[in-house]
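The residues making up each chain are set out below.
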Amino acid sequence: MLRSTVLRLAIGYAVLFVASALVLAGYIYWTTDRYLVRQTDKTIVAGADALLERFRNDGVAGLVRAIESRLAEEADEEEIIALVDPARRLLAGNLETAPPENASAWFDLELVRESRSSTARVLRITLSNAHQLFVGRDVQVRLEVRKVVADTLVWSIGVTAGIAILVGLLARSLLARRLARISTVADRVVLGDLSTRVPLTGSGDEFDRLSSDINVMLDRLGELMDGVRQVSNAIAHDLRTPLTRLRSRLETALKAADSPARFRATAESALQELDQVVRIFDALLRIAEIETGHQRAAFAPVDLAVIATDVAEFYQPLAEQRGLALEVEASPAACVGDRMLIAQALANLVDNAIKYSPSGGHIRVSTRRQDHDVVLVVADTGPGIPIAERDKVTQRFYRLEESRGSPGSGLGLSLVVSVAKLHGGRLELDDAQPGLMARLILPASAGA
Amino acid sequence: MRFLIVEDDPEVARFVVKGLTEAGHMVEHAPDGREGLYRATGESFDALVVDRMLPGGIDGLTLIETLRRAGNVTPVLILSALGQVDERVRGLKAGGDDYLTKPFAFSELQARLEAILRRGSTKAVETVLRVADLELDLLSREVKRAGKKLDLLPRELRLLEYLMRHTGQVVTRTMLLEAVWDYHFDPQTNVIDVHVSRLRQKIDKGFARALIQTIRGAGYSLRLEP
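Which chain is which? The protein sequence lines are A and B, in order. If you read the first sequence in this note's numbering, its first letter stands for residue 1, the second for the next number, and so on. If you read the second sequence in this note's numbering, its first letter stands for residue 1001, the second for the next number, and so on.
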């Protein structure tokens, strides 16, 4: 029970609430009481002053008369007066016995009046002729009020605490019900069902927002899982195909064992097939390596223009051999990155352009700085990529129907995308009218 | 030549030993790091082929580091199943002279082994490289064949220089890609072949005997046609 956060919170708040109520009530009680005491004292002192005045003018006899007339005329039930001579005899007043003679100036006097016990606050004054005058007021009513107020405070605090705990329990069960929905979904996800989602109440409160965040997370997880599934299917397909060819070639080689020349030829082609498998495998590992992001160690200031010039020069003879014009237009484009990876990405783009452009075509490699980015463009005059396919071609192993026949692993553009992502950039594919325009956009180095 | 191969996989070891023996070398085999280190320090070899991951507490990198600390400068070719760029860098930093990723073709291993053997001996400062009637002046960057001046592009010059520095040896396409272009990735298409055939056009065309030979299944070699 105490492991419930809500309940603990409710109890905490109840304690805090009760404590502050206690302090406030205590303060009110204390100031009120003090005010009442001061008022009582003032009345007593005023009464005493009047009587002393009479004593100074008319002596003991005058004082006795004044006391008697005052008690007679005023119907103030609460006033208490007593005049005691040095022999402790009551000369006047409404007390039945003389108050103690050695009391302090102000004191509380327990007395019985009209057969009920009560308390009075009394001022003792010693007159010049050694008589003692006691003036006071019955404060029993005030004390009773004080007790009622104190009792009320205690009760109300108790009730407050009770309500707080009740509300806490209620809130707990309410929250528990809302949380149960989320934890049910979590349980089902743990069991492998990624399609389940947390139902929303539509209120837009914190729980709805949390639930919707969780749903977004589950969507993303689902996408990733689909991606992984798709990739492993693709791996299975794209590795199985060359492995099957490899296997059949080796079998053929076994059958051709009696003819050394044929055996040799078959074994050589099997080796080539194997090299292709290794190549796909390496490309996959390379992408995985880049995507885990541990490659940033090799980051240094680089100029895309230099890389573009180098790579273009590297591919120039191949382009010429295929009857293609490869042009470079490199203006400075400084950024921070991994020279080798950017070169490899560009090599993949240029290699694609050469592979898919028909003889007589043009390939343009250009670099430039554009606002806060540096852009590397490879445009060709090949068949381009249909709009509907542009997102898919960057997926691992995805190949256009038309290019299935040509050599390639279907990983080239995936690698370009992962290099772009590693650098905080992106790859855009566009129509070069005609042909494909691939733009590798990376953040420019600051201050360049 | 006498080589030591430190490799725990018996199949790979047998493959390398057989290949090198057939090429006329003497080859010793150590199946783990401890024995490898023991023999490498106790005996004299022309080069070592060391697998990166070895059983027995001493792995390939530790073996090489220990040898280098002891002042042993025998050339070392590292074999490894780890192909990442930074793994390669670690291997070379540990004191390896070259790094070959598994799986590999025997021709690649042989070519790289020959290259690291040569590395130690051609430290002398040469200003003119000569192979038969081909001449490359490293200072003026001039190329002549049979006294006739040839026009080469800067990159073709570097390609030729590398081939001439490895005269008589087989150099693979990957070696050329790494040494001449400093690219450590697979360019997919056989771009290197196109570059070599262009160079061949300039060097060999019009001369009776070709200098650039294609070695089937391996790469190229610069030497006078027999």
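None of these hints come from the bench; they were simulated from the model. Fair warning: this is a prediction, and the values are worked out from it, not measured in the lab. One thing to keep in mind: the hints can contain errors.
Selected chain A positions facing chain B (in silico; Cβ < 10 Å) [what the hints assert, rightly or not]:
#  : residue
1  : Ala176
2  : Leu179
3  : Val278
4  : Arg286
5  : Glu289
6  : Glu291
7  : Phe314
8  : Tyr315
9  : Leu318
10 : Leu341
11 : Ala343
Glycine residues also receive a C-beta, built at the ideal position from the N, C-alpha and C atoms.
Going through the hints against the structure:
Because the closest C-beta pair between Ala176(A) and chain B is about 50 Å apart, greater than 10 Å, the hint is violated. Of the supplied interface hints, the one on Leu179(A) is violated, with its beta-carbon coming no nearer than about 45 Å to a beta-carbon of chain B, more than 10 Å. Interface restraint check for Val278(A): the shortest CB-CB distance to chain B comes to about 6 Å, inside 10 Å, so the restraint holds. Below 10 Å, beta-carbon pairs count as interface contacts, and Arg286(A) has one with chain B at about 8 Å; its hint therefore holds.
Evaluation of the Glu289(A) hint against chain B yields a held restraint, the C-beta minimum of about 6 Å falling below 10 Å. With 10 Å as the threshold, the beta carbon of Glu291(A) stays out of range of chain B, its nearest partner Cβ sitting at about 13 Å, so the hint is violated. Hint on Phe314(A) holds. Least Cβ distance to chain B is approximately 6 Å, under the 10 Å limit. With a least beta-carbon distance of about 6 Å to chain B, the hint placing Tyr315(A) at the interface is held under the 10 Å criterion.
The beta carbon of Leu318(A) comes within 5 Å of a beta carbon in chain B, closer than 10 Å, and the hint placing it at the interface holds. Nearest Cβ of chain B to the Cβ of Leu341(A): about 8 Å, under the 10 Å cut. The hint holds. For Ala343(A), the interface hint holds, the least distance from its beta-carbon to any beta-carbon of chain B being 6 Å, beneath 10 Å.
Checked against the numbered hints above, the structure violates hints 1, 2 and 6; every other hint is satisfied.
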